[in-house]
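Enquirer: Here is how the chains run, residue by residue.
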Amino acid sequence: MSVFTLHIFDEFVSNVWRGFLICLTGAFLGVVYHWEHDSLVLQGRAGNTSEVVRLDLLDAKDYFDQQAALFVDARSPLAYANGHIPGAINIPYPRFESLANQFLDQLPKDTRIITYCSGENCNSGAKLARLIQQHTGLMVQVFMGGWTDWTIADFPVEIGETP
Amino acid sequence: MTIKQILCGPALFVLTRIVLGGIFLWAGLIKMPYLLGLVDTIKAYDLVPHFMAPPLAIVMPGVEIVVGVCLLLGVWTRSSAFVSLLMLSVFSFALGVNIYRGADIDCGCFGLGETRYALEIALLQDIVLMCFAYIHIVIPRLPFTLDSFFIKKYENGTTFLLGQKNINAD
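Those sequence lines, one after another, are chains A and B.
Quick note on my numbering: the first sequence kicks off at 1 and runs consecutively.
Quick note on my numbering: the second sequence kicks off at 1001 and runs consecutively.
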């Protein structure tokens, strides 16, 4: 092995070490920031936003049958138009700011809201639920199975755009 | 101006460094305050065990910010480009897997919850940024960086903590 290769290797190792140091600094920064802002899991409690309650298919169906909850569809308007849970309103997660006032503000204070998105592998339902909870203070739950479970179970659906 | 002149001049290095660093810094700063949203996003990508999501969500924006600042200032340029390349390849892998799965998630690259960044666009952007980082890794030239300033200062053998030997510093 020539001196040249050794030198290159040396340089590579020192670069890796510096990269490691950079990562360590970043991690430190993250921990300090969240420690300061009390927003942490680190301190063993949920921060200022409480976790929303998660529902499975049968619970969601119960609420649907009793008409005891307002379903909110977090998917895109196109997906909503192609089929959604009957009576659900459509608030795509990215457009929450503009649509929240239209739909949510005139609801009675004891309304139960259930959000859903396409299925287990989507996160917009849970995030929308958290937003609505912060925004209105209503009881919000998220139906984890979402549209996938609902259609697999062959429950009633409604087709069409938002009224 | 020929292509060769553009490639050898400082413009390429300065521009790629600032774009790469700026995007990293921006992404980190936007994501930092939304811990729970980021935890949800990482869980939705469904690649790491779910108990790993909170620690990752704490560390990731921090590292992005530090890498961004290092690249913008030109401190430890090559190493931060190396770290950014690593992070970008992890992101691209995650995006690629989820595109393959056809998952319905938002990218969460810049802030959380916009859908104008489709996963495919995010992947494309990651690949371009990987090329930028790669330039800085294979060609260690450091025009207008703090590195070059310190290397000139410590030229007499010791390189202290900063700087690489054998660098064609402008």
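Hints in this document: simulated from the structure, not taken from any laboratory.
None of these values were measured; they are calculated from a predicted model.
Cβ atoms here follow ideal geometry from the backbone N, Cα and C, with glycine treated the same way.
Don't take every hint at face value.
[What the hints assert, rightly or not] Cβ-to-Cβ under 7 Å is the rule here; a few derived chain A residues that face chain B: (1) V13; (2) N15; (3) G19; (4) N82; (5) G83; (6) P86; (7) K109; (8) K127.
[Unchecked claim] Below, a list of computed lysine to any residue pairs in the SDA-like style, where the Cα atoms sit at most 20 Å apart: (9) K1043(B) <-> Y1134(B); (10) K1004(B) <-> L1119(B); (11) K1043(B) <-> L55(A); (12) K1043(B) <-> E36(A); (13) K1043(B) <-> T111(A); (14) K1043(B) <-> S118(A).
Enquirer: Now look at each hint and say whether the structure bears it out.
Expert: Right, here's what the structure says about each hint:
Look at V13(A): its Cβ only gets to about 11 Å from chain B, farther than 7 Å, so that hint breaks. With a least beta-carbon distance of about 5 Å to chain B, the hint placing N15(A) at the interface is held under the 7 Å criterion. A cut of 7 Å between beta carbons decides the hint on G19(A): the least distance to chain B is about 4 Å, and the hint holds. Of the supplied interface hints, the one on N82(A) is violated, with its beta-carbon coming no nearer than about 13 Å to a beta-carbon of chain B, more than 7 Å.
Using the Cβ-Cβ criterion of 7 Å, the hint placing G83(A) at the interface with chain B is not satisfied: the shortest such distance is roughly 14 Å. At its closest, the beta carbon of P86(A) sits 21 Å from a beta carbon of chain B; the interface hint therefore is violated under the 7 Å criterion. Hint on K109(A) is violated. Least Cβ distance to chain B is approximately 25 Å, over the 7 Å limit. A hinted interface residue such as K127(A) counts as satisfied when its beta carbon comes closer than 7 Å to some beta carbon of chain B; here the least separation is about 6 Å, so the hint holds.
This hinted pair does not check out: K1043(B) and Y1134(B) have alpha carbons roughly 29 Å apart, beyond 20 Å. Annotation: proposed proximity of K1004(B) to L1119(B) is violated, straight-line Cα distance about 35 Å (limit 20 Å). Distance restraint check for K1043(B) and L55(A): the Cα-Cα separation of roughly 18 Å lies within the 20 Å cut-off, and the hinted pair is therefore satisfied. Between the alpha carbons of K1043(B) and E36(A) the distance comes to roughly 24 Å, so the proposed pair goes past 20 Å and is violated.
A C-alpha spacing of about 29 Å is found between K1043(B) and T111(A), which places the hinted pair above 20 Å, so the restraint is violated. Simply put, K1043(B) and S118(A) have alpha-carbon atoms about 15 Å apart, close enough for the 20 Å limit, and the pair holds.
Of the hints listed earlier, those the structure fails to meet are numbers 1, 4, 5, 6, 7, 9, 10, 12 and 13, in rising order.
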